[in-house]
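These protein sequences, in sequence, are chains A and B. If you read the first sequence in this note's numbering, its first letter stands for residue 802, the second for the next number, and so on. If you read the second sequence in this note's numbering, its first letter stands for residue 31, the second for the next number, and so on.
Treat the hints as calculated values from the structure; they're not laboratory data. Every residue gets a Cβ at the ideal spot worked out from N, C-alpha and C, and that includes glycine. Worth double-checking, as some hints may not be accurate.
What the hints assert, rightly or not - Distance windows between CB atoms, simulated:
| id | chain 1 | residue 1 | chain 2 | residue 2 | range |
| --- | --- | --- | --- | --- | --- |
| 1 | B | S111 | A | G846 | 46 to 56 Å |
| 2 | B | D141 | A | A993 | 50 to 60 Å |
| 3 | A | D845 | B | P150 | 19 to 29 Å |
| 4 | B | S111 | A | K1045 | 36 to 46 Å |
| 5 | A | F977 | B | P150 | 56 to 66 Å |
| 6 | B | K116 | A | I1141 | 24 to 34 Å |
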Amino acid sequence: MKQYLSGDEAFAAGIRLARPEVVSAYPITPQTIVVERLSDMVEDGSLDAEFIHVESEHVMMNANRSTALPWNIYGDQRDSLALLDTGWIQAYAENAQEALDLALMSYYIAEKKDVSTPFMVNLDGFILTHTYEEVDVPEQADADRFLPKYETENCFDFEHPKNMAFSAGPDTNYIFKYKEHAALLRAVPVIAEAEEKFALIFGRKYTGLIDTYNTEDADYILITLGTIAGLSREIADKLRAEGKKVGVLRIRYMRPFPTVEIAEAVKNAKAVAVLEKDISFGAAGTVYTNVTSALQQAGLNIPAYNFIGGLGGRNISHADITDIFEKTEHGTERVNFIGIEVQK
Amino acid sequence: MKEILWLGRGGQGAFTAAKLLGAAYAAKSEDSYSLAFPSFGPERRGAPVRAFTKLDAKPILDRSETELADYIVILDETLFSTGLSKLLKPGGKIIVNTKSDKPEWVAFDGDTLAKNLRLPVVNTVMLGALSGVSDVVSVSDLETAIDGYLSPKIREKNKQAVAQAAEEVRS
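The following block holds chain A by itself, in its conformation from the complex (with noise of 0.2 Å):
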């Protein structure tokens, strides 16, 4: 059924259908909305789940926002990008519907018994969450055979005890970190096949770590992630009907990390550029950290830049983009902050 959403809601629609037993949630700008919807679908018994307010979750939605200080509650991508390390699985939604759909997809990849890995899905602050469009919202019935119902040996059973949650020293502790990252590696075949199910059951085709976008003959190509990838592809549109051989990669999922998927599709790129709402203070952007590392790991000796902005929900408009694919064939600085002519 089609139905006017905000990216909020729409996720809030898709944990519905998704039939979580426990809801724990906090709210908190700007994902207040989602916390409000789910609260009234508990409330209306249309939501059959514990609604608590405590931290352990598997499936998690990040509506990405700026850090303090300055303080700021606009949309960048400063938050989710520091917590890569932390072992969850990381993707970005370009849109309400993607929102939805990630919803279901999530637990399903979270739940599997081989990966058993906490699912992280990020939609940019307010120009995502706070934006109405249509959505197809599914029927309850296609999400049950979607989905199955969530089954775990880890729970409390008196039966049979096991100790939860407990210290593991030098003498183990490396094993539980090989096992995180191996299960975020075996993550990578689950997200295919999460994909291959969805597409049979509700017709929505996704592609699994990154989307491209006529990059098979681009001889330069904006690599990004979330919502600004849409803008990206209409200029992207513009600058081929000039006769410029350009093409857009949407980076889906940031952990685990498209290594190989992005070198294939840049290899016969002459340059990249990599758009993203995040500094690692005195270094780089995070996501160009982990693209030119993808490239130095094919061999490939492409030039990329990085382009930072967005930052605490700056606008990022059609001349900046173009600006972006500009300066990407001419070359410019390793790292550029749009709005800001870097001091050397």
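Given chain A's structure and the hints, the job is docking chain B onto it.
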């Protein structure tokens, strides 16, 4: 793409109008798409707020704030400034809730109509006026959206507001 910029004050329902317009347009056919969003940030009653509706025959990828609008709808006359014309596309129109006629805008006395209908705010009245001036959506499209997204007890009054405003602004 048609772009509508809404100017109002916190509490006047400018964003609700933007959203109803987007929902009405998107529901028209398989090939009609829309985005509706408020000016982002903390909301304060009485403070100037902006809202945006984008309408197109293909999926809308550009989520940035409108730089050039086809229509600017102003719910509170005091929010008008001459600089607003720079935000209009050629041939674009500014529709103002006002009792005074001026060459730079299309005047519509939304306050009086809202008062007659005992509506506390002018958002759906001005939405009807936009429909009458622009034909971006019909009154019946808007009525369907009101049925879908406003609470039952305020639907009839708001449907009346849309229909009457569209008719008055045309005459």
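Does the structure break any of the earlier hints, and which numbers would those be?
No numbers; nothing is violated.
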